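Number of protein chains: 2
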Amino acid sequence: MPDYVVGIDLGGTKIMGAVVDAKGKMVSRVMKLTQAERGPVPVLDRIVDVIKEAVSASAGGPADRKRIGMDNIAAIGIGSPGPLDPDKGIVVFTPNLPGWRDIHVVEYVEKATGKKVFMDNDVKVGVLGEQAFGAGRGVRTLIGLFVGTGIGGGVIIRGKLHRGFSKQAGELGHTVIDYKGPKCGCGQSGCLEAMASRQAMCRKIAEQVKAGKETVIRETDPMQITTRMMVDALRKKDKVVTDVMTDALEILGIGIASISHVVSPEMVIIGGGIVDALDDEMMDVIVNSAKKRALPLVMDNVKFVRASLGEDAGVLGASVLARQGLTGER
Amino acid sequence: MPDYVVGIDLGGTKIMGAVVDAKGKMVSRVMKLTQAERGPVPVLDRIVDVIKEAVSASAGGPADRKRIGMDNIAAIGIGSPGPLDPDKGIVVFTPNLPGWRDIHVVEYVEKATGKKVFMDNDVKVGVLGEQAFGAGRGVRTLIGLFVGTGIGGGVIIRGKLHRGFSKQAGELGHTVIDYKGPKCGCGQSGCLEAMASRQAMCRKIAEQVKAGKETVIRETDPMQITTRMMVDALRKKDKVVTDVMTDALEILGIGIASISHVVSPEMVIIGGGIVDALDDEMMDVIVNSAKKRALPLVMDNVKFVRASLGEDAGVLGASVLARQGLTGER
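Protein chains in written order, with my numbering: chain A, -19 to 310; chain B, -19 to 310.
These are calculated hints, taken from the structure and not from any lab test. Note that the structure is a prediction, hence the values are computed from the model and not measured. Honestly, I wouldn't trust all of these hints.
One copy or two, either will do: identical chains are not told apart, so a pair holds if it fits within one copy or between any two.
What the hints assert, rightly or not - Calculated cross-link-like contacts (lysine to aspartate or glutamate; reagent style DMTMM-like; alpha-carbon spacing at most 20 Å):
#, residue 1, residue 2
1, LYS3, GLU291
2, LYS140, GLU309
3, LYS147, ASP67
4, LYS160, ASP227
5, LYS68, GLU246
6, LYS271, GLU199
7, LYS216, ASP260
8, LYS68, ASP280
9, LYS147, ASP280
10, LYS163, GLU230
11, LYS147, GLU246
12, LYS160, GLU230
13, LYS160, ASP212
14, LYS12, ASP25
15, LYS190, ASP223
16, LYS140, GLU246
17, LYS95, ASP1
Put together the whole structure using the sequences plus the hints.
So, in structure tokens, the structure goes:
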């Protein structure tokens, strides 16, 4: 079997691709803008371009690196925003890519490259990457939560991405926190995502600004509040921002507790831009809340760690997806 | 390998035992009162008595049944109230059995019988029984919820009881519904158990009686309200009882939705005395709430069914636990 696979991380803004060996070493890594506004087919073509360029780039390395060509690529893995059907290889719909409705990504890329292609949800693939090559290395059962505009997650059980019957398992952002709580983008009420995502934090901060509360933030439009502003305000001990974020992180901990009662992970990996920017003291707010809200037997000895692969989690996870797909493990 | 195992269901009131073949056929079934007030050792001895009597009873069957003796018993499975440590075979503590603290059940029964013994939480073992021989036959990934005084549950993933890192996974009664909600027995707030168990329903009905609301129920003490009274009141279209129970069943559905986002089961099995007594219309309250509160892709085509083994779920599940334990599958 050829030693390499290509991992692709398809995002609304950019497409990343890497040629990856079995140990998670990236022998090349390329990036292109997605240009999502041009519609599905141009984006699919750009995915194929990224694959080809990643392979070419890996072939052009130092002399001590063996030449890698398409023949050395065993398969391709793709992490894509969803919802998607991983078995059929179809992106059903995604707010991040305008005009995408039932797009047969896997079929298109397989035809264009002649390789087996495997696809799953981008965040779940990222959690798989962290489990294989990042913060979760060697851990068999873990959950990962990524706090961004929304909250994405993934569940690894016995070393594999848990997909469940619908292949949609691991939608951790839609864990209920307050069944009569704020509306979520999914249409429900009081989901974790509606209460502890960056968007939820910004909304609450903006409300306080509008209400005339004393804070270093001046924006009344939540969309204008950046991660940078929030982290600066935290450093300045701004009460409004500190309180809003503490509440949100406590709620994140409660969600982790609730999920842990179901899954009982050995490790909880937490990532995403806003979390990456937090100091350890704020991270402890999450951990302490989770420990306080869970049955001690479930939470004893559970490790809480930061995601460690940054933006490489996607391509590395996609490489694992490709390998597991080939061996029928996934 | 001998063809039979013994399944034991240890309860606060009674101990049930059965000799069970590989297809889930009980060739004998015996019951003794637990007499929990006599303390741990007498109860352990009664478990051993039940095992021996179940084997003797199976040996005394009709002429066309082959004689079964202790030599034909491959292993013993026990479902016990928890919390417990299934690996060490220790019941850590349990409110149902006074004086039980770190009781080495497995070791005791192994010494007394000379057989391998496997133990897990009674409700989880019951879900395993339903999966193997009851409502969930042939279904690989499912969740089970049993509504009683509390709410117990279990998660089956790929045909096995999911235990997770702590071996305590599947504590579905402690799924969060309302993070600022009513106190739960576990010390947290707004758990499913605190809001949708029989106890929670009775508490709310009693409050309404005290408040002078018009209802056929007369009891102001929640402990005096029986399942029979509640079901009779439902039949009489009693508004107080109907409203309280509808709210509780909707909340149960919300809990199922939240859990399903994590696990994505193919089937949801619902049981327990109060649920068994509900008509199909009230069962639909649970199903409709779960479907309304979950992402459609997760909940599409999920089957909602009633538990079908009644009080035999425990001994049958314990027999599966024993067999899986022997083959290292569990």
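To see whether the hints hold, each was checked on the structure:
| no. | hint | result |
| --- | --- | --- |
| 1 | LYS3 - GLU291 | within (18 Å within a copy, 51 Å between copies) |
| 2 | LYS140 - GLU309 | both (8 Å within a copy, 17 Å between copies) |
| 3 | LYS147 - ASP67 | within (8 Å within a copy, 31 Å between copies) |
| 4 | LYS160 - ASP227 | both (17 Å within a copy, 13 Å between copies) |
| 5 | LYS68 - GLU246 | between (31 Å within a copy, 18 Å between copies) |
| 6 | LYS271 - GLU199 | neither (34 Å within a copy, 39 Å between copies) |
| 7 | LYS216 - ASP260 | within (16 Å within a copy, 58 Å between copies) |
| 8 | LYS68 - ASP280 | between (40 Å within a copy, 16 Å between copies) |
| 9 | LYS147 - ASP280 | between (30 Å within a copy, 11 Å between copies) |
| 10 | LYS163 - GLU230 | both (19 Å within a copy, 18 Å between copies) |
| 11 | LYS147 - GLU246 | between (22 Å within a copy, 10 Å between copies) |
| 12 | LYS160 - GLU230 | both (18 Å within a copy, 12 Å between copies) |
| 13 | LYS160 - ASP212 | neither (33 Å within a copy, 30 Å between copies) |
| 14 | LYS12 - ASP25 | within (11 Å within a copy, 71 Å between copies) |
| 15 | LYS190 - ASP223 | within (16 Å within a copy, 40 Å between copies) |
| 16 | LYS140 - GLU246 | both (14 Å within a copy, 18 Å between copies) |
| 17 | LYS95 - ASP1 | within (16 Å within a copy, 48 Å between copies) |
Of the numbered hints stated above, those contradicted by the structure are hints 6, 13, listed in ascending order.
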